[in-house]
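Listed in order, the protein sequences are those of chains A and B. Per our numbering, the very first residue in the first sequence carries number 1; after that it's consecutive. Per our numbering, the very first residue in the second sequence carries number 559; after that it's consecutive.
None of these hints come from the bench; they were simulated from the model. The hints are all genuine.
As a list, the in silico SDA-like pairs of lysine to any residue whose alpha-carbon atoms are at most 20 Å apart:
#1 A/K209 x B/T870
#2 A/K182 x B/S623
#3 B/K820 x A/E107
#4 A/K294 x A/R321
#5 A/K104 x B/I795
#6 A/K182 x B/V592
#7 A/K104 x B/Q873
#8 B/K618 x A/N177
#9 B/K864 x A/R133
#10 B/K618 x A/E231
#11 A/K182 x B/D614
#12 A/K104 x B/N801
#13 A/K182 x B/H593
#14 B/K864 x A/V131
#15 B/K864 x A/Q111
#16 A/K173 x B/K618
#17 B/K820 x A/V131
#18 A/K182 x B/I622
To give an idea of the interface, some chain B residues facing chain A are shown, with a C-beta separation under 10 Å as derived from the structure:
#19 V608
#20 M611
#21 K618
#22 G621
#23 S812
#24 I815
#25 R816
#26 D821
#27 F832
#28 L837
#29 K864
#30 Q873
#31 V876
Glycine included, each C-beta is placed from N, C-alpha and C at the ideal position.
Now for the letters of each chain:
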Amino acid sequence: MLLAMLIVSISLYHLFSESAEKSAALSTQQIVDQVGLNLNSYIEDMMEISDIIRSSLKSDIYQKDDLPYILNVTKKLRKDIATVVVYSQRGNVIISNPRGVYNKNYEVTQQDWFITLLNNPVDYIFLSPHVQRIFEDSHPWVVSLCRASAYYENGKPVVFITVVDMNFRTIEKMCNNVSLGKRGYIYIIDKYGNMVYHPQQQMIYAGLKTENTMDALTREPGTYFEDFDGERRIMTIKNVSYSGWRIVGISYVDELVTNRKHFNRFIMFISIFGVIFEMMASMFISYKISQPVKRLENKMKRLENGDFNISVEEKGEDEVRQLSRTFNMMVGKIKMLMDQIITEQEEKRKSELKALQAQINPHFLYNTLDSIIWMNENQNYEGVTVMVSALSKLFRISLSKGQEVISIADELEHARSYLTIQKMRYKDKYDYFIDIEPGLESERTLKLILQPIVENAIYHGIGPLNEKGIIRISVKSEGDNILFQVTDNGYGIKPEILKNLLSQESTSYHSGGVGLKNVNERIKLFYGEEYGIEILSEVDVGTTVNIRIPRKPFQEGR
Amino acid sequence: MKFTRKTLFVALFILILLPSGCIRESLMTKDDPVHIEVIVKNRVAPFFSVVKMGADAAGKELGISVHFDGPTDEKEIDEQINIVRKAIESKADAIVLAACDYERLVDVVHEAIAEKIPVITIDSGLNSKKVKSFIGTDNIDAGRKLGQALVDKVGDKCKIVVMGFIKEAASCIEREKGLFEALNTYRDVEVLDVLYCNSDIDLAEQLTLEAMEKYPDLDAIVGLNAQGTTGAARAIIKQKKVNIVKIIGFDNTSEEIRYMEKDVIQSLVVQNPFSMGYLGVKYAYDAINNVKVPEIVDTGLTVIDKENMYNTENQKLVFPFTDDYDDYDY
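Generate coordinates for the entire structure from the input sequences, incorporating the hints supplied.
Next up, the structure:
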């Protein structure tokens, strides 16, 4: 944008300069043309006067005596004529106006122009400015028009030379009043390059100033741009009729192009202004865009460092706002997931805690101990042994040295111990069968998943039964899973209760118990959502509880 | 970071406001009223009217205002001092001075310089090192040229009277000095007398008449300035001793030129007063603008006589474009 600004400024400047220069050249041309016209008519007048004199000398109409009168009138009419002199070919003054005391030191016949006119008669000779010496006591600067003519007297040609001396003043006035700017001017040179008129003529004569008269002399008439003395100026050249003179108009570009210096300064300031403005604008724009991005970047850094309690203001342009929004969503989601994990871990611990509690169920313990005491009192020492060893096995496996995962064999042993104890307490209310698919004994399982099921089966299934109950536990592989099945032929579960069995606390079933729900949750937490408990039941027929876990190779801890 | 950005923003904003003021200023055309006072010895003397021409030419070229002033008589030293003082009071930007007196103008010139008005001297110098420049004729050389012209026109064996002007004027002193220097080598040139006409033509005429009586075998008079030369010429014409008592003179008034054409004056040493006026103003302008100016400028001399005065070069020097020469009416 900076570049564009510069280019525009520079081209504007050039455009202005060019057109200003052109119009300056044009006005100079017009002025010079005007002066040229004036000068032309002036010189033509000179020629005319000289013609009048010549013809009056030649003609028969005018007498020679009329000549003084004619000269007088002419001179009065044209104040710029200094003198008119008519010479004989011997250099004698035939007539002159004004009259005066002739300078005896001035030999006209020795003048170059006189000699030329006599011998090689050209029509006329223009003499460049010189000091007139014709008269004593008078030394004006004049320009002379000299012509030779002849009249016939008695058939013989009489040659005479007319000299019209023009006061330099008129030319001076004509050219001085020309206005070509404050410093511009007009000067006139003759065909040899001599200075006819220059406003600073004295200075040029004194050697204090020079003009490039050679250029003015050799160039074709027209308008030129040139550099002289370190300044740019316009030179207009025009020829003047008859005399071989040239008018040269000089004008200074700087002046005519009004206040060019001021304009330069103006352009410079505009450019600087534009540049500064442009810088400000781009700063502003980048601020608007980059600020939100920077904020986003900062928050991301914090995220990197583990701080999830962040969010970004959704400000700025569309793209940035979108970024921010997405970012916020992402952070939210991450936070949620992390919270979820924490919650899950908590739940796990809680469940395990409960399971732990269940491992050392006080009710069961003292009931069983009661049974042992009672059996002992009844001297059923065998029964005592069985019950005690079953109890010890039960608790040993419950603890399993703190491991969560045990072999299926052990888990079955745990269930068997429980069943044994309960059977003895409930006086053979039921029979139980345990079978396991060969090879699965050493597979691993989450511990204490069977006993709560069996407990339920005993209390809710078989308990109310009038006939002998059967509880069957089987372990088999089902694809990649292991299926535990606990079947009883008990009461069954009503469908509406069945629905809610795994979803609510089974406190209604057994106070302080672990419950189906707990086992289900534990399995799901441990192995995943696709595993767990499935309950199938038919009222008055029986209940089957399926427990599925994945068949995984042994892992140390989990 | 945000802070720095904001400050930069504000700074730039202020920066924009500055140029706008300058733009307005630059768009207004400023007129430069530099004013230079040119104070000469005699404002009506033909010599100084040519000085005025030069000064005016420089003024026009530079586009400045030039005012020309001076007493009507070289001897009115106090008058000139007053004029200089007036120039100081009117707060002229510079003064170009042709001093009537080498010593007595020093004080007032120093006053001007103290007011930071630079002073350029032309034609007649001043006894001060504080003037910026002296532009004028090498008057000693002028004297020498007079001596040489005398020997050329009159011969190396003659009796002469020297017509000085103001005894204390530096130019007079120097021209005398140069003249005697040149005449030293011509043992047979006898200086009968040295007179001082106080730049009064009539007095010069008077003194010449007396001298011609006193020294009947007088061969020539050497005029050291225009008035002396002119007075002497008039006396010689009166006594009908044209070309008998020759004159070697100074400057080129129209009267002197006429006399030269009539053989009354044999040779004239001509100065360049136009240049003095022109360069005086030009260097004064430079001095105002603290541009260095040359300490001494020699404007040059030309020796003319009847034969060479009309050749192209000398014509320009001898007949400057002034009103003096425009006499048509008889």
